Amino acid sequence: MNNNIYKPYLMEIEHIVEETPDVRTFRLKFTAPGDAEKFSFKAGQFGEYSVMGEGESTFCVASSPTRKDYIECTFRKAGRVTNALANLEVGDTVGFRGPYGNTFPIEQWEGKNLLYIAGGIALPPMRCVIWNTIDLREKYGDITIIYGARSVTDLVYKHELKEWSERPDVKLITTVDPGGQTPDWKGEIGFVPTILEKAAPSSENTVAILCGPPVMIKFTMPILNKLGFRDKDIYTTLENRMKCGFGKCGRCNVGKIFVCKDGPVFTYEQIRSLPEEY
Amino acid sequence: METTIKSLRKQSLEKLYNHLASSQKIYAPIVTSDKQVEFRYNPEFRDVTFEHIRSTLSVKNVVFPKIENLFYFTNTKEESIIKDIDLNIIPEVVLWGVHPCDSAAFDILRSIFCWDIKDEFFSKRLEKITVITLSCHKSDEFCFCTSVNLSPDSVKGSDIQLSLLQNGDYQAEILTEKGNELVSQVPDLFEQPSGEKKVIAGVKNKFDNKKVTSNLSGVFEHPFWIRNSLRCIGCGACAFVCPVCACFDIQDETKGKDGRRYRCWDSCGFSLFTLHTSGHNPRQIQSQRWRQRIMHKFSYMPDRNNALGCVGCGRCSSSCPVDMNLAEQLEALQNI
Amino acid sequence: MNSLVNRAKMLLEEKSVNVVIGYEAGTGGTARPAFISESADAEKLIYNEHCVHNLAVYLSKQEVRKMGKIGIVAALPVMRSILMLIAEHQVDPENIVIMGISHDGSLLDIENIQVMKDYISKSDPGNPERYKDKLAELNKLSMEERFEYWQKELSKCIKCYACRQACPMCYCTRCAVEVNQPQWISVKSDISGNMEWHILRAMHLAGRCISCGECGRACPVGIDCHLLTMHLSDQVYKYFRVYAGLSEKMSSVLSTYEPNDKENFII
Numbered sequence: 002m003n004n005n006i007y008k009p010y011l012m013e014i015e016h017i018v019e020e021t022p023d024v025r026t027f028r029l030k031f032t033a034p035g036d037a038e039k040f041s042f043k044a045g046q047f048g049e050y051s052v053m054g055e056g057e058s059t060f061c062v063a064s065s066p067t068r069k070d071y072i073e074c075t076f077r078k079a080g081r082v083t084n085a086l087a088n089l090e091v092g093d094t095v096g097f098r099g100p101y102g103n104t105f106p107i108e109q110w111e112g113k114n115l116l117y118i119a120g121g122i123a124l125p126p127m128r129c130v131i132w133n134t135i136d137l138r139e140k141y142g143d144i145t146i147i148y149g150a151r152s153v154t155d156l157v158y159k160h161e162l163k164e165w166s167e168r169p170d171v172k173l174i175t176t177v178d179p180g181g182q183t184p185d186w187k188g189e190i191g192f193v194p195t196i197l198e199k200a201a202p203s204s205e206n207t208v209a210i211l212c213g214p215p216v217m218i219k220f221t222m223p224i225l226n227k228l229g230f231r232d233k234d235i236y237t238t239l240e241n242r243m244k245c246g247f248g249k250c251g252r253c254n255v256g257k258i259f260v261c262k263d264g265p266v267f268t269y270e271q272i273r274s275l276p277e278e279y
Numbered sequence: 155m156e157t158t159i160k161s162l163r164k165q166s167l168e169k170l171y172n173h174l175a176s177s178q179k180i181y182a183p184i185v186t187s188d189k190q191v192e193f194r195y196n197p198e199f200r201d202v203t204f205e206h207i208r209s210t211l212s213v214k215n216v217v218f219p220k221i222e223n224l225f226y227f228t229n230t231k232e233e234s235i236i237k238d239i240d241l242n243i244i245p246e247v248v249l250w251g252v253h254p255c256d257s258a259a260f261d262i263l264r265s266i267f268c269w270d271i272k273d274e275f276f277s278k279r280l281e282k283i284t285v286i287t288l289s290c291h292k293s294d295e296f297c298f299c300t301s302v303n304l305s306p307d308s309v310k311g312s313d314i315q316l317s318l319l320q321n322g323d324y325q326a327e328i329l330t331e332k333g334n335e336l337v338s339q340v341p342d343l344f345e346q347p348s349g350e351k352k353v354i355a356g357v358k359n360k361f362d363n364k365k366v367t368s369n370l371s372g373v374f375e376h377p378f379w380i381r382n383s384l385r386c387i388g389c390g391a392c393a394f395v396c397p398v399c400a401c402f403d404i405q406d407e408t409k410g411k412d413g414r415r416y417r418c419w420d421s422c423g424f425s426l427f428t429l430h431t432s433g434h435n436p437r438q439i440q441s442q443r444w445r446q447r448i449m450h451k452f453s454y455m456p457d458r459n460n461a462l463g464c465v466g467c468g469r470c471s472s473s474c475p476v477d478m479n480l481a482e483q484l485e486a487l488q489n490i
Numbered sequence: 217m218n219s220l221v222n223r224a225k226m227l228l229e230e231k232s233v234n235v236v237i238g239y240e241a242g243t244g245g246t247a248r249p250a251f252i253s254e255s256a257d258a259e260k261l262i263y264n265e266h267c268v269h270n271l272a273v274y275l276s277k278q279e280v281r282k283m284g285k286i287g288i289v290a291a292l293p294v295m296r297s298i299l300m301l302i303a304e305h306q307v308d309p310e311n312i313v314i315m316g317i318s319h320d321g322s323l324l325d326i327e328n329i330q331v332m333k334d335y336i337s338k339s340d341p342g343n344p345e346r347y348k349d350k351l352a353e354l355n356k357l358s359m360e361e362r363f364e365y366w367q368k369e370l371s372k373c374i375k376c377y378a379c380r381q382a383c384p385m386c387y388c389t390r391c392a393v394e395v396n397q398p399q400w401i402s403v404k405s406d407i408s409g410n411m412e413w414h415i416l417r418a419m420h421l422a423g424r425c426i427s428c429g430e431c432g433r434a435c436p437v438g439i440d441c442h443l444l445t446m447h448l449s450d451q452v453y454k455y456f457r458v459y460a461g462l463s464e465k466m467s468s469v470l471s472t473y474e475p476n477d478k479e480n481f482i483i
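Protein chains in written order, with the numbering used here: chain G, 2 to 279; chain A, 155 to 490; chain R, 217 to 483.
Looking at chain G on its own, in the form it has when it is part of the complex:
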């Protein structure tokens, strides 16, 4: 068949990181000759990852497009497919369809300061754009990352948090919820909105990228507005139940937009115009 849009790339798991007891990161490489060269994507896009026989699941591509030989994804064990994925080992096959969706407009951000704010398992969709902008460091102003999770165990990408904290050109603030700290915890203690208010980054010439659970977003947004960020300068990613990933199966729409086509990246100005069905 000429162009079967439902057929996935067959990927081999090159490396697995157990981020937390129920979160995994996979590094995947293309197996068929020529696929790796043909493939390209941009920060913000997602794919449909599958275990043959179990089904497909939607995650972002968590690695940066500046890193060419592989793609990475991070997921939590939640349902049938993610549990099946978590049982795989290095060398096993994962199907990948993509890249789908729109992208973070990093070209428009050149020359600006970037403020990344993430909570818990919402760091993965941001990780690709964080690395993308760090890899092109000279194009951007200050880069600040504020990342929090419920507890120290729940922090993902622990190795990279260390790497970011050691870089002189990135300011990283990590926090855990009160009670989530370990005795040797050196970061902040407090909810992300509180820590954001404490850090009070300047909104001047700055773009904010915010991803997290709904309750975190609800309390972080007013702080950002107070600090002077306008809705059109705050970016986020939306999630919704998906199947096809390219606007045909009719499942992921929020009002008239399809999260898989018009998203997953949106500004808050766009989000506010959407009906509340996400």
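Each hint should be verified, as a subset may be incorrect.
Restraint ranges, calculated between C-beta atoms of paired labels, are given here [unchecked claim]:
1. A:Asp238 to G:Glu111: 40 to 48 Å
2. G:Arg168 to A:Lys365: 16 to 24 Å
3. R:Gly245 to A:His434: 37 to 45 Å
4. A:His434 to G:Lys30: 31 to 39 Å
5. R:Ser371 to A:Leu241: 22 to 30 Å
6. R:Ser358 to A:Asp238: 38 to 46 Å
Some residues of chain G that are not near chain R, with every Cβ distance over 12 Å (derived) [what the hints assert, rightly or not]:
7. Arg28
8. Lys43
9. Glu55
10. Tyr71
11. Asn84
12. Ala85
13. Gly92
14. Asp143
15. Ile144
16. Lys172
17. Gly180
18. Gln182
19. Pro184
20. Leu228
21. Gly229
22. Glu278
With a cut-off of at most 27 Å between alpha-carbon atoms, the simulated DSS-like pairs for lysine-lysine come out as follows [to be verified]:
23. G:Lys113 to G:Lys199
24. G:Lys140 to G:Lys113
25. G:Lys262 to A:Lys220
26. A:Lys409 to R:Lys372
27. A:Lys278 to G:Lys262
28. A:Lys179 to G:Lys257
29. A:Lys179 to G:Lys78
30. A:Lys272 to G:Lys39
31. G:Lys30 to A:Lys231
32. G:Lys219 to G:Lys257
33. A:Lys220 to R:Lys333
34. G:Lys113 to G:Lys43
35. A:Lys360 to G:Lys8
36. A:Lys237 to A:Lys272
37. R:Lys404 to A:Lys237
38. A:Lys364 to G:Lys257
39. R:Lys368 to A:Lys179
Hints listed in this document are in silico derivations from the structure and should not be mistaken for laboratory results.
The structure presented is a predicted model; accordingly, all values stated were derived computationally and were not measured.
Glycine included, every Cβ here is placed at the ideal spot set by N, Cα and C.
For chain G, the structure is supplied; the task is to place chains A and R on it using the hints.
Just chains A and R now, with coordinates in the frame of chain G:
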């Protein structure tokens, strides 16, 4: 191509049908023993009905089957192989006795499956059909094609349209190259037009769809949705009988190490349609799902696809176990 | 009819109920379920031979539960469904007012569950007369002939689940067919998927079906799936000597073990 008008005597109709049925697949409507109108492959001409108002199921399964294999796979620890589908084995099919509402649906389905990236499964199947429509000389209280920019003798999506004439013969409008090709196989059956008038049913206009589309942009939170959907039981009957509904699910199935990924019909009316694995459901109650159905067909699709998501065939309303009469609801939305 | 309308008006005006679930006129002279919350709208309530929908199906809907106290127009099948739902702890009898209707349309005086039980006990609890011939005809077939019959019937199925959604006893928020860890029942609508679904449903209704026939009536493609559940209803009576929907205290026939059961194992 310019439309040619010919006429077919009643006897010629049978000859045409038999010629087609003898050489290829023909999908024609019959009345079953329990009084349902069903489309079947190659029924005997004597069983083919010309008197049906609507078949129970639409004919969308010819281009959008209720189960479509997307690919086969073999998956073991040592290797994984994907075996693609050969779409060349899809046979040509002549659709016979399809009403104008159903044939107009093909274009709307194309606007879903072929926008942005092309779905080959749908496109290949669409290429392989020749559509012989039968204009409507009967209608009932569920029909509302005239409210959605169609009519009982609309030729949208048709290759040859047959219309009953007052003297019992049929007029044939040959509309496309495909239709012309078919006629050229049995040219003697197609005679000069007789001048007889077509018998076309009257279908009362029930609502102004432009007003409905315009009103819908402002009523997302209106109490109308809850009030008018309380009796909806949340089954998929309306979506599955609809010629335009194309929402689908993708599932995997295995037997040992072999398996396949397929897609199958799904309905936005089901409670699990939008359920996240986390347990969060953006459309938790039926009124939100009912609203999605109407919005999708009459607001989002006209906006995105430049097409109304409805052909006014009336199947949804006549199949609904609790009479969620769509035309009635749209009329209310027009006046909201 | 007037007394039904008046009773509804009274219940709504006195705020004894927040909504009355009954029937109103539908398309082309038929009837359809109606939710009346304003006393002025009570005029819409009707009762005639088209009023066959089993309104008890709405009692498990989360939106309806939130409406508070409910008045429900209840013909005999609806009454039996209500008893079954109470027996399975899905409906609190304190929350509903039964507006009983006899088969000739006259309003009954049903003050409480006991009165309803007494009324129900006066009629034949077995399958309705109009289905008995077809059931007998199917029973005469050999096992192979019967399987062939159902294979043919169920090949029409499109898995729209209208049968499930119309049934008051199918109230599971996650139906067995929607469980995917593991996928017990094939999702797709091919012959094996269809047979698996209907056999599963009939088994899950054994000892619970009150033979209203709604599943078959709701089917858009005309499958008589009610014959499957009704047949099992006969079988349950044959082996367990009970009918569903006769009491508000009924333990599940297939999953209750009594020490004096004649089988010495749970199956």
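We went through each hint and held it up to the structure:
1. A:Asp238 to G:Glu111: 40 to 48 Å: 42 Å, holds
2. G:Arg168 to A:Lys365: 16 to 24 Å: 59 Å, violated
3. R:Gly245 to A:His434: 37 to 45 Å: 43 Å, holds
4. A:His434 to G:Lys30: 31 to 39 Å: Hint holds: Cβ distance 33 Å, inside 31 to 39 Å.
5. R:Ser371 to A:Leu241: 22 to 30 Å: 25 Å, holds
6. R:Ser358 to A:Asp238: 38 to 46 Å: 44 Å Cβ-Cβ, so the 38 to 46 Å window holds.
7. Arg28: 26 Å, holds
8. Lys43: Holds, because the least Cβ-Cβ distance between Lys43 (chain G) and chain R comes to about 32 Å, which exceeds 12 Å.
9. Glu55: Glu55 (chain G) is in fact no farther than 12 Å from some Cβ atom of chain R, at 9 Å.
10. Tyr71: At about 30 Å from chain R, Tyr71 (chain G) clears the 12 Å cut-off, so the statement holds.
11. Asn84: 7 Å, violated
12. Ala85: 9 Å, violated
13. Gly92: 25 Å, holds
14. Asp143: With a cut-off of 12 Å, Asp143 (chain G) remains clear of chain R, as the shortest Cβ separation is near 46 Å.
15. Ile144: Ile144 (chain G) clear of chain R: closest Cβ-Cβ about 41 Å, beyond 12 Å.
16. Lys172: At about 43 Å from chain R, Lys172 (chain G) clears the 12 Å cut-off, so the statement holds.
17. Gly180: At roughly 32 Å from the nearest Cβ of chain R, Gly180 (chain G) sits farther out than 12 Å, so the non-interface label holds.
18. Gln182: 35 Å, holds
19. Pro184: Holds, because the least Cβ-Cβ distance between Pro184 (chain G) and chain R comes to about 38 Å, which exceeds 12 Å.
20. Leu228: For Leu228 (chain G), whose nearest Cβ neighbour in chain R is about 40 Å away, the distance exceeds 12 Å, so it holds.
21. Gly229: Non-interface label stands for Gly229 (chain G): nearest chain R Cβ at 42 Å, farther than 12 Å.
22. Glu278: Label holds. Min Cβ-Cβ 16 Å, cutoff 12 Å.
23. G:Lys113 to G:Lys199: 22 Å, holds
24. G:Lys140 to G:Lys113: Measuring from Cα to Cα gives roughly 8 Å; hence the hint holds.
25. G:Lys262 to A:Lys220: Answer holds: Lys262 (chain G) to Lys220 (chain A) is near 25 Å, not above 27 Å.
26. A:Lys409 to R:Lys372: 25 Å, holds
27. A:Lys278 to G:Lys262: Satisfied, since the Cα-Cα distance of roughly 24 Å is no more than 27 Å.
28. A:Lys179 to G:Lys257: With Cα atoms ~39 Å apart, Lys179 (chain A) and Lys257 (chain G) exceed 27 Å; violated.
29. A:Lys179 to G:Lys78: Given pair Lys179 (chain A), Lys78 (chain G) is violated - Cα atoms ~48 Å apart, limit 27 Å.
30. A:Lys272 to G:Lys39: Holds, at about 19 Å.
31. G:Lys30 to A:Lys231: This hinted pair holds, its Cα atoms lying about 16 Å apart.
32. G:Lys219 to G:Lys257: 23 Å, holds
33. A:Lys220 to R:Lys333: Not satisfied, since the Cα-Cα distance of roughly 45 Å exceeds 27 Å.
34. G:Lys113 to G:Lys43: 19 Å, holds
35. A:Lys360 to G:Lys8: 44 Å, violated
36. A:Lys237 to A:Lys272: Since the Cα atoms of Lys237 (chain A) and Lys272 (chain A) sit roughly 20 Å apart, the hinted pair holds (cutoff 27 Å).
37. R:Lys404 to A:Lys237: The hint holds at about 21 Å.
38. A:Lys364 to G:Lys257: Roughly 17 Å separates the two Cα atoms, so the pair holds.
39. R:Lys368 to A:Lys179: Holds, at about 22 Å.
The structure does not agree with the numbered hints 2, 9, 11, 12, 28, 29, 33, 35 stated previously, though it agrees with the rest.
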